[in-house]
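Make the full structure from the sequences, and use the hints.
Residue numbering for the sequence shown follows this note's numbering, starting at 141 and increasing by one per position.
Hints listed in this document are in silico derivations from the structure and should not be mistaken for laboratory results.
The following label-pair restraints were derived from C-beta to C-beta distances:
#1 L156 / S192: 48 to 54 Å
#2 V199 / A165: 47 to 53 Å
#3 A189 / V157: 47 to 53 Å
#4 L152 / A183: 47 to 53 Å
#5 E172 / V199: 36 to 42 Å
#6 A158 / Q187: 43 to 49 Å
#7 A166 / A189: 31 to 37 Å
Every value quoted in this text rests on a predicted model; they were computed, and no experiment measured them.
Cβ atoms here follow ideal geometry from the backbone N, Cα and C, with glycine treated the same way.
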Amino acid sequence: MSTPPVYRRAALALVLVAAGCRSPAADAAIAEQISQMSDAIIAMQDQMATLSTTVDSLVAVTAKQDTLLRHLAAASGVPTP
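Put into structure tokens, the structure is as follows:
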């Protein structure tokens, strides 16, 4: 009478162990996706650096133009705010 519960427990343990194993193909797919995400993040960081440089350049040009306009206004006697 005690034999069927032992077989059931063994079968249940076998099913749980088999269900807990992961496929190597799934692990490889996850590793590939992580690698692609890493590449995308690096590309975004490069774009952010380029955008930051562009914004800094535009700020410098704007400051230079503002100074030029103030000098022209002062030379012509036009009041500036």
